[in-house]
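Starting from the structure of chain C, add chains G and R where the hints point.
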Amino acid sequence: MSSLSYRQTFALVLKRDLTIAFRHKDEMLNPLLFFIIVVTLFPLGIGPQANTLAKIAPGIIWVSALLATLLSLDRLFKADHNDGSLEQMLISPQPLFIFTLAKITAHWLLTGLPLILVAPILAALLYLPEQSYSALFLTLLLGTPVLSFIGAIGAALTVGVKKGGVLLSLIVLPLYIPVLIFATSAIDTASLNLPYNGQLAIIAALFFGSLTLAPFAVGAALKVSTN
Amino acid sequence: MQFDSFASFLDMGGYGFYVWLSFGASAALILLLIFSTLLSHKNARANIARQVKREQRLQQAQAQAEAEAEAEAQASVSESTSQ
Amino acid sequence: MWKWLHPYANPEVSYHFAGKLKPWLGWASALLLTVGLIWALLFAPADYQQGESFRIFYIHVPSAILSMSIYLAMAIAALSSLVWQVRLADASAAALAPIGAVFTAIALLTGAAWGKPMWGTWWVWDARLTSELILLFLYLGVIALHNAFDDKQMAGKAAGILALVGVINLPIIKYSVEWWNTLHQGATVSKLGAPAMASEMYWPFVLCFLGFGLLVGAVACVRFQTEIITRNKMRPWVRNLVTSEVN
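Heads up: the sequence lines are chains C, G and R, in that order.
Numbering-wise, the first sequence is residues 1 to 227 according to the working numbering.
Numbering-wise, the second sequence is residues 1001 to 1083 according to the working numbering.
Numbering-wise, the third sequence is residues 2001 to 2247 according to the working numbering.
One chain only, chain C, in its complex shape (with noise of 0.2 Å):
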């Protein structure tokens, strides 16, 4: 038997789960693009006055980031459990918390850095004061891994369902709430020319506690969901 590494194990299953997604472009862009076409219905819902659209450009953003990664969660283990890779991974020797680490930094790439990069253009739409740059792209990369590794504590759960798009949404929305309202808050303050680190201390401090209690709880799910 071949002994592999953690890290190697971790690359391993990253690179997978890449080429993967890299076959099925479309796939990957649809959130981003569900991302921007929401974004831009609300200054048409909304009116197009400078000072409103400001005020609320956070919140927006940051309710369409939480949209769009939910809508890319459902295929996160979806694909691996109709072909059974899942069940090998659930049975092989290495640890489960690597395999769901690599998937869920894997999501991340996938979904949540591209909302980073297009974030600025849209935050330019919504008439973001300048000074709030800075915190929208450290919230954002604080923030959208936080809504990956929660994320795929409701896509594991709900993997065995058949229909279970609409009940992660159920699951995992109240769970977002926090992040939702440190991220906007940070930004609100930044605005103001204020410091933030407060907030931006809170959201790390959520980063890293999804990061080592959020791995081993998709594996309980899996291991529930396959059984």
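Check each hint, because a few of them may be wrong.
[Stated by the list, open to error] Within a straight-line C-alpha distance of at most 27 Å, the following computed DSS-like cross-link-like pairs (lysine-lysine) qualify:
#1 C:K223 <-> C:K162
#2 R:K2233 <-> R:K2020
#3 C:K162 <-> C:K78
#4 G:K1053 <-> R:K2233
#5 R:K2233 <-> G:K1042
#6 R:K2020 <-> G:K1042
#7 R:K2174 <-> C:K223
#8 G:K1042 <-> R:K2022
It is worth saying that the hints were derived from the structure and are not from the lab.
Given the structure is predicted, the values throughout are model-derived calculations rather than measurements.
For chains G and R alone, coordinates are given in the frame of chain C:
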């Protein structure tokens, strides 16, 4: 007793609507919970009982069919011996 | 030390134990609620500031306290099912979720009906109200997840994991909501102070609280029994039980 008359009890010092709304809604929700709990318990029992009965009927039918087949086989055996 | 507990890991023993407990809890709760609610509605004095609308307090506060303790109880049951593999524990977690959801809904409804005459609106984005609303969402998520599985053993475990994730998140949500509220909203709403309660208000409250608590126990017993028989429907004792008409 805090109230002089039934009317003043219903009125609740002008807050009658809110007080009775909250008591009524709470009572309705709790009764709904109790009834749905009892109903689902009854249904669960009935479902299992139905399943048990069906299995018993199946067993009976099977036993009967076996007995008939045996009787037939014996009949054919006795027929062949009588010939 | 824990040996006396072992027989209760047996479904049949627990089923009959819950069956024996059920009438006691039910009647005690009916008695306490009758006395407590009549006392609260007819004899307890009106609040000097809030007048008669204070009588909503006697159902609002007990259900708010119960809504949180039921979630905690559910999470403890889920933890013992996951860690110590107590198979009946996830049955009790599944039994508790709908009860908790009902009491959370009652707390929210009565809170709204109390808020309208006191604060002038049905709803304020007050920290306590908001976290209660999120608690309701968490309950509904657990119930929805439990209903989504056909295999009840699996459903119980999955709902248990979600309940545990929720219980870790609840303090964070509560803290974040409180913090969000103080940041976004000035103190426009005069919150209820907590003056020492007069004893003629205190005793009806205690009776109502105990009455509701025992009611939760009685309903939980019945739901627990339902969960046990649906999970063990192939066992001979369940089959004998359902074919004989007595409980």
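Violated hints - listed by number, lowest first:
7
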